[in-house]
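Going down the list, the sequences are from chains C and D. Every letter in the first sequence is one number past the one before it in our numbering, and letter 249, counting from 1, is 340. Every letter in the second sequence is one number past the one before it in our numbering, and letter 268, counting from 1, is 359.
The set of hints was computed from the structure by calculation and includes no laboratory data. All of these numbers come straight from a predicted model, not from anything done at the bench. Do not rely on the hints blindly, as some may be mistaken.
[Unchecked claim] With a straight-line cut-off of 27 Å between C-alpha atoms, the simulated BS3-like cross-links for lysine-lysine are:
no., chain 1, residue 1, chain 2, residue 2
1, C, Lys516, D, Lys107
2, D, Lys288, D, Lys431
3, C, Lys141, D, Lys508
4, C, Lys124, C, Lys423
There are 2 protein chains.
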Amino acid sequence: MKILFKNAKILNLDIKEGIINGNVVVENDTISKITTSAINEDFDLVIDVKGNLLMPGFVDTHCHSPMTVLRGICDDAPLDEWLYENVIPCENKLTSEDVYWAEKLAILEYLKAGITCIEEGYFKNESIVKALKECNFRARVGFGPTTKTSNVDNFTLLKNEKAIIEESNLIKSVCFVHSIYTINEKEILECVDYTAKNNIPRSIHLSETLNEVGDCTVKHNGKTPVQYLEDLGFFDRQTLCYHCVHMDKDDLQILADYNVSVSTCPSSNIKLASGIAPIYAMQNKGINITIGTDGVASNNSLDMFKEMFLVATLSKVSIYDASVVSAREVLKMATLNGAKALGFDVGEIKVGKKADIILININQPHYYPQVNLLSHLVYAGKSGDVYLTMVNGKILYENGKFHIGEDENKIYEQINKIRERITKK
Amino acid sequence: MKILFKNAKILNLDIKEGIINGNVVVENDTISKITTSAINEDFDLVIDVKGNLLMPGFVDTHCHSPMTVLRGICDDAPLDEWLYENVIPCENKLTSEDVYWAEKLAILEYLKAGITCIEEGYFKNESIVKALKECNFRARVGFGPTTKTSNVDNFTLLKNEKAIIEESNLIKSVCFVHSIYTINEKEILECVDYTAKNNIPRSIHLSETLNEVGDCTVKHNGKTPVQYLEDLGFFDRQTLCYHCVHMDKDDLQILADYNVSVSTCPSSNIKLASGIAPIYAMQNKGINITIGTDGVASNNSLDMFKEMFLVATLSKVSIYDASVVSAREVLKMATLNGAKALGFDVGEIKVGKKADIILININQPHYYPQVNLLSHLVYAGKSGDVYLTMVNGKILYENGKFHIGEDENKIYEQINKIRERITKK
Chain C
92 MKILFKNAKI
102 LNLDIKEGII
112 NGNVVVENDT
122 ISKITTSAIN
132 EDFDLVIDVK
142 GNLLMPGFVD
152 THCHSPMTVL
162 RGICDDAPLD
172 EWLYENVIPC
182 ENKLTSEDVY
192 WAEKLAILEY
202 LKAGITCIEE
212 GYFKNESIVK
222 ALKECNFRAR
232 VGFGPTTKTS
242 NVDNFTLLKN
252 EKAIIEESNL
262 IKSVCFVHSI
272 YTINEKEILE
282 CVDYTAKNNI
292 PRSIHLSETL
302 NEVGDCTVKH
312 NGKTPVQYLE
322 DLGFFDRQTL
332 CYHCVHMDKD
342 DLQILADYNV
352 SVSTCPSSNI
362 KLASGIAPIY
372 AMQNKGINIT
382 IGTDGVASNN
392 SLDMFKEMFL
402 VATLSKVSIY
412 DASVVSAREV
422 LKMATLNGAK
432 ALGFDVGEIK
442 VGKKADIILI
452 NINQPHYYPQ
462 VNLLSHLVYA
472 GKSGDVYLTM
482 VNGKILYENG
492 KFHIGEDENK
502 IYEQINKIRE
512 RITKK
Chain D
92 MKILFKNAKI
102 LNLDIKEGII
112 NGNVVVENDT
122 ISKITTSAIN
132 EDFDLVIDVK
142 GNLLMPGFVD
152 THCHSPMTVL
162 RGICDDAPLD
172 EWLYENVIPC
182 ENKLTSEDVY
192 WAEKLAILEY
202 LKAGITCIEE
212 GYFKNESIVK
222 ALKECNFRAR
232 VGFGPTTKTS
242 NVDNFTLLKN
252 EKAIIEESNL
262 IKSVCFVHSI
272 YTINEKEILE
282 CVDYTAKNNI
292 PRSIHLSETL
302 NEVGDCTVKH
312 NGKTPVQYLE
322 DLGFFDRQTL
332 CYHCVHMDKD
342 DLQILADYNV
352 SVSTCPSSNI
362 KLASGIAPIY
372 AMQNKGINIT
382 IGTDGVASNN
392 SLDMFKEMFL
402 VATLSKVSIY
412 DASVVSAREV
422 LKMATLNGAK
432 ALGFDVGEIK
442 VGKKADIILI
452 NINQPHYYPQ
462 VNLLSHLVYA
472 GKSGDVYLTM
482 VNGKILYENG
492 KFHIGEDENK
502 IYEQINKIRE
512 RITKK
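When you get a sec, could you build the whole thing from the sequences and use the hints?
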């Protein structure tokens, strides 16, 4: 399969202008050519981009996709009421089939919003991987001690869990240690040992709330969560930490020293009143900053445009300095930085990269005057502006229509039914 | 003209469920009937809403619409560089015709985002009013001492400025005193006197930045901007104050005592690093809180969905309490509260109200499961979900097509040209 995208404004964050006018060729799953002059070749499909924007799909580095089924289940409530009275009781009722449908709803939402690659962290991975593979979607899927273990030893459990994920071009796995407040020290150390021996990267929720930091310092002789994990050897291998809201200078230095990547999730952090992450300070330490939506129960949509706007603007207001964290930097966080953190060869429109490509309709009022497009994307862009989404060379969404081998109305119906069942008193 | 909207989910913030399934009849410019059962009458037009959401258009209470032409002109820069090196030099080059086209671009953006009524504050009102009237758009337009006055007395100037606005069902006027740091005390007092004698409401930028508050307290014997204006008699008549970011308890009490309305502009406030307004504290004082986008140069799009999300979530994070400022409250701020502040009989779907109506496509992934629609609107909704916008009984936007008597491509072309000219060194 050989596809030509012609007459595109191609996003390129390496050059000053940020945009190249030209054409992009995709052969099978790979970007094979980028030219500024006309191409005289045969193609299976020619897409006239008509001067619209062509850019890499967004990489969303922190997701609990099946939580789509819990959308709006409890807003405007304190964390305890939200989690223990609403989220967890409903999650406990979710069957494997429920998780499969909820994952598919999330994939619809990702595709419509131009998200082409995620880091997944939930349970019932057999359902998640089935949905991802059926839809041809790209993900790094977390496995690990998120549920209570039986009397089987942890190594066997982890191996079994990892085997479910079946790696491929589109699917990778990561050891997802939920957090220091849900997983005990013995289990964390077993994960550290297992992943070190088996060459597996690690992910964890980290320093999301003041409570987490406070409890940790009380319990572990004044150590912050970052210091505590460093002492356990957690950062010795490739690691991605979600949230990282409450961090002091020493914490940031530790993350920088170990080349740890951060997934910042601003909409979740402000909606749950957790706080505002110190993104500018992280930049100054040279930390690889990526962006995540978190799950729908806490944010309440899967929308990297919303997150990009928030990363840039919350960083400014939190230190009373409008000049920090630029649109260009945020676009890189939402694409290439995320790809690097997850280990996929995507996140840029470059020859040789996997073809995760989205088209943005800039022939709309909020993209005029048509200059400074990087700024427009971050500060005025909306997920509804995406009109085509390609993952690994396959067009999965175009102008309101999904091509994922499943009628979206069937997914909607299933989701409504599941929600009704799990919220019945 | 008699129009039926059938099979709608009608937003109604007075009832617990927030939604009524039914039909809405519009006769000429007014909502004439709301029923839950089928209607057997003749109509000029029947619109099948197909179970989508029908709600009042958004009322945007703080705008500088023609700043659309300055979109993205200078981001990620300190306020002084933004204002004095970029915004003002370009504004100085704007002709009356430029302002006319830039106002029209803003109207396109408002309509596409479901905004049906604004409070306008800019200069060259003759161009603004011409564009508004041609498009059949609803606005309260500010006039006042925003530019340097000649040797004509201020009363004559104000009267002349007011006369330009020609009030109608769709257009009202307000005396817009820019701010205490741009208008001197003598001029403020003249406006206070003129508006008192002529029964005209007042608007002003107020306590937007820490600098404004600090400078005022130094200059005026420790008085905050609110205390200073109270002493000048500014709040004696119906008043709307924009921003109100830095306010202490006494300030809020003064606004409450005088029934002053507030227009909060969160995206502008965080992008320009001004701060986060104390919305929850305002609620506790019973202040009428409304929402504004501010101008595009500072925010950078005209999108009440973005603002609603921010009002709810910034209020939570700023006081570390996820339970404050609910979706329902925010929806009321964005509709009815704004209508009250501007004095238009809109902002609700009720019999007798003027027909400012929008339709929201909820047959999309981010509205599923289809429960808790108030939450979905505020926390997951996007301006791109609006597919029909009616102002005063006329459909001005539907499914990507504008009906404002002007080809949008002509507007886009003009805007690109103007931008090129005003930014030429």
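The hints, checked one at a time:
With a C-alpha separation of about 19 Å, the suggested pair Lys516/C and Lys107/D falls inside the 27 Å cut-off, and the hint holds. Of the pairs offered as hints, the one joining Lys288/D and Lys431/D holds, with about 22 Å between alpha carbons and a cut-off of 27 Å not exceeded. Distance restraint check for Lys141/C and Lys508/D: the Cα-Cα separation of roughly 20 Å lies within the 27 Å cut-off, and the hinted pair is therefore satisfied. Our distance criterion of 27 Å between C-alpha atoms is met by Lys124/C and Lys423/C, whose separation comes to about 22 Å.
In the structure shown, no violation is registered for any of the earlier numbered hints.
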